[in-house]
Amino acid sequence: MNNRNHEGARHGGPPVVSCENVSFSYLDSGRPALAEISLEVRAGEYVGVVGPNGGGKSTLLRLMNGLLRADSGDVRVAGFDPAAEPFEVRKRVGMLFQNPENGLVAPFVEDDIAFGLENVGVSREEMRERVRKAVRAVGLDGYEQREPHTLSGGEKQRVALAGLLALDPEVLLLDEPTSMLDAAGRRGVLERLEALRGARTVVHVTHDLDERLDADRVLVLGAGRLVADVSPERLVSDPDLLRDNRLVLPTALRLAAELGLGPAQLRTPEDLAEAIVEKSGARAR
Amino acid sequence: MRIELENVRHVYASGTPFEVEALRGVSLPVEPEEVLGIVGGTGSGKSTLVQHLNLLLVPTSGRVLVDGADARTIRGGELRGRVGLVFQFPEAALFAPTVEEDVAFAPRRLGLSEGEVHRRVGETLGLLGASHLAGRSPFALSGGEKRRVAIAGVLAMAPEVLVLDEPTAGLDPATREDLLGVVRALREEGTSVVMVSHDLDEVAEVADRVCVLENGEVRAVGAPEEVFYSHPTTAPSTVRVVRPLRGPHPEVGRPVRFEETLAALKGLLEGRV
Amino acid sequence: MTAGRTLGQFYPVTSLLHGLDPRAKILGTAALAVGLFLVDSAAGFLLISAVVVLLVAASRIPPGTFVGFLRPVAFIVALTALFQVFFSREGELLLEWGFVQVHEGGLVRGLFLASRILLLVSTAALLTATTAPVALADGIEDLLSPLKKVRFPAHELAMMITIALRFIPTLHEEAQKITRAQAARGADFSEGGPIRRAHALLPVLVPLTIGAFRRADELAEAMESRGYRGDEGRTRYRELRFRTRDALALCAAALVVFAGILL
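Protein chains in written order, with the working numbering: chain A, 1 to 285; chain B, 1001 to 1273; chain C, 2001 to 2263.
Please keep in mind that the hints were generated in silico from the structure rather than gathered at the bench. C-beta: ideal position from N, C-alpha, C; glycine also. Worth double-checking, as some hints may not be accurate.
[Unchecked claim] Straight-line distance between alpha carbons at most 25 Å, and here's what the computed SDA-like set of lysine to any residue pairs gives:
hint	chain 1	residue 1	chain 2	residue 2
1	B	K1266	A	L261
2	A	K279	A	G260
3	C	K2177	B	R1243
4	C	K2177	B	E1214
5	A	K279	A	D229
6	C	K2149	B	E1214
7	A	K133	C	M2223
8	A	K279	B	A1069
9	C	K2177	C	P2146
10	C	K2177	C	E2156
11	C	K2149	B	T1098
12	C	K2149	C	L2027
13	C	K2177	B	L1079
14	C	K2177	B	P1244
15	A	K133	A	D238
16	A	K133	A	L151
17	C	K2177	B	T1098
18	B	K1266	B	D1201
19	C	K2149	B	E1160
20	A	K279	A	T268
21	A	K279	A	G262
22	C	K2177	B	S1014
23	C	K2177	C	A2135
24	C	K2177	B	E1160
25	C	K2148	C	A2135
26	B	K1266	A	R254
27	A	K279	A	E258
28	C	K2149	C	L2205
[Claimed, not checked] Some residues of chain C that are not near chain A, with every Cβ distance over 12 Å (derived):
hint	residue
29	A2057
30	V2121
31	M2159
32	I2163
33	D2188
Just chain A, same shape as in the assembly (with noise of 0.2 Å):
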């Protein structure tokens, strides 16, 4: 395996998330969806993943709450085997998913952020309290009484989002939770994605790396391996990685890798504009 393509920035500590050569093949499938992964995620890291369709993304997050038992090798979430001890660790770990739709389990916005609480035995008056602020994290104050399909799709996965964070969770795991929003949406909870950073340990699965270039790190996954583990900046910048794992540039960065200026350190269009005219100022002198 390519060093180069190992040098993602760690934090200290322990591993909060850890999978040691772990395999799993669904039943119906002949190829495994996971051959042997390793990798480790430390407290407060903000963890990209990307990769294909079908590059096993979504099978890595449901071993790592339990929905799913490795084949072989060993998963620890914080500190617990998920496929031992589900209920331990799904107190600690809460897993967003792609449609916000199906997430939502109760008639009222307020019951279903309480559902969580519910189930691990929280006494009635510190869910209240613990209702109350999750709306407030998530900017819903007002909604607590709305019905679930009078929601848009980003009201309906900030409502999903706060049945979590009512958890408290050490860790969070994000299953492609924008895909199927609009703009408007997928900008709503975003925001309140980025208030989490630091705070909570974050594994995001995305097909757009539009979203999470400010991540510690990206875990690249390709048919079931884990083809890269870089920074952001490092993973932009290789146009070979990007091709064969069948990554996408958001347009801006794409326009400045052709353009030679260095995709890696811009972050939105209006950074590229600065780059150009400080680039041609230059070249005028």
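Chain A is already provided as a structure; the job is to place chains B and C on it using the hints.
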């Protein structure tokens, strides 16, 4: 085929406490052989608007004209065959035991011969890159594959105008690119495409004209460079890069598509006057 | 965009009845229902009718709306009552017209039957109109919970009701969307006889059903991920508090029922 919305208003649940005016007097032409991009936020009325193009929804007031004549004079079945509408997340409507049968549904409803139906199924599946899926069950496919089949199912009617409501929603970048290619190919062979999208970058790449909808009204309509460069809040990434440069360097022009933007920026950096 | 219409007949205003504990209302309705089957006198029916009218007033539901709730059964009531009136041979002959005979017994039976059905439906309508569906589910779970000792799945039942309430509007929208999509492909749901129409519904029913199963799968994953393990160790967010007025309401219901039976 030219479709024109003439001062179309649409009110949902009229007379009840839940009354909502989704379209407030929209006038908009869809020209033959063009790709028209319709952009706007949630609640802008985009989906309501496109459902008027084949009269799946009828205006509360105003008219829909097809080649100058009131669309209501055309038989419903015929109109829906000439204006194909693909809803958002269309794969939710896949129902037949095999992909072939599902795509055959619409052309069969048109009363075509089995031979013609078969030909069309093959052709549209080929265009959408889904020929290898013909004998499979639609329910066993991946999201991107289902999307292709669903679009093929409407295309098999050989409509003169294809209306796509958020065709790339929820898809990975590779499939998105493929679908945009299909849009271009369709325009090449003379089919008009109306594409509703919240993704401005996509619209920028394929649209001949752009319409901005806001709150049930048309805010702007015209050539992409007209619309995008005049509206600060509605701009694809390419325009967002170029716009700050137009002050000091007006020679960069108003490119919208990726290739032309790249060329303009290269020219700028290489000091071409 | 669908407007935020609440499910079913629930009429959201503040009233005496709305404020009662759902358990009291469920038990009260059950008591009235039992009573209605045991009442067998005009005076008894009149009493219960008067009580129902009072309750409708107390619920602050507009009378017109309430009568609307009864409309679905109006036809059946009329039919069964008329059947009794024209075909029962009990008691004195009151009217004769050709071979159609109306006996006193038939008239009385018809009236009683009509009253019974209408009053039953009214009490049920009062229950659903003044109790939010979620509260109803909570109430049912609570009342059935002693049965958990004999392994009756009271919690699972309540969970099913809650989830159904949550997804019915969603499934409704989905059905509409699929119907429109198939219409855009040339499906016609109005042509032909009953068999053709049933067949025409397949393109809607099949994807709707399969979609519902897929939804259920995803929902189950989400619920499990949030620590759901059935009833084990579970607490409840919503509080049901039985207050004095609820006890009074129950006593009043019991009294009315006894009076009705005795009369």
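Worksheet entry | Agreement of C:K2149 and C:L2027 with the hint, judged by alpha carbon distance not exceeding 25 Å | It holds: about 21 Å lies between the C-alpha atoms, which stays within 25 Å.
Worksheet item: Straight-line Cα separation of C:K2177 and B:P1244 no greater than 25 Å?
Response: 43 Å, violated
Worksheet item: Under the criterion that the straight-line Cα-Cα distance not exceed 25 Å, is the pair A:K279, A:G262 satisfied?
Response: Distance of about 12 Å is within 25 Å: holds.
Discussion item. For A:K279 and A:D229, compute the direct alpha-carbon distance and say whether it is at most 25 Å.
Written reply: 32 Å, violated
Worksheet item: Taking only the CA atoms, is the gap from C:K2148 to C:A2135 under or equal to 25 Å?
Response: 20 Å, holds
Item to complete: Sort out whether B:T1098 lies within 25 Å of C:K2177, counting only the CA atoms.
Response: 22 Å, holds
Worksheet item: When you look at the beta carbon of C:I2163, is every beta carbon of chain A farther off than 12 Å?
Response: Contrary to the label, C:I2163 does not stay out of reach of chain A, its closest Cβ about 6 Å off (not over 12 Å).
Practice prompt. With a cut-off of 25 Å on the C-alpha distance, tell me whether C:K2177 and B:S1014 pass.
Written response: 20 Å, holds
Worksheet item: Is the Cα-Cα distance between C:K2177 and C:P2146 25 Å or less?
Response: 43 Å, violated
Worksheet item: Are A:K279 and B:A1069 close enough, with their CA atoms no more than 25 Å apart?
Response: Violated - the C-alpha atoms of B:A1069 and A:K279 are around 56 Å apart, more than 25 Å.
Discussion item. Check the hint pairing C:K2149 with B:T1098 against an upper bound of 25 Å on the C-alpha distance.
Written reply: 49 Å, violated
Worksheet item: Given the hint that C:K2177 pairs with B:E1214, does the C-alpha gap stay at or below 25 Å?
Response: 23 Å, holds
Of the hints listed earlier, those the structure fails to meet are numbers 3, 5, 6, 8, 9, 10, 11, 14, 15, 19, 23, 28, 31 and 32, in rising order.
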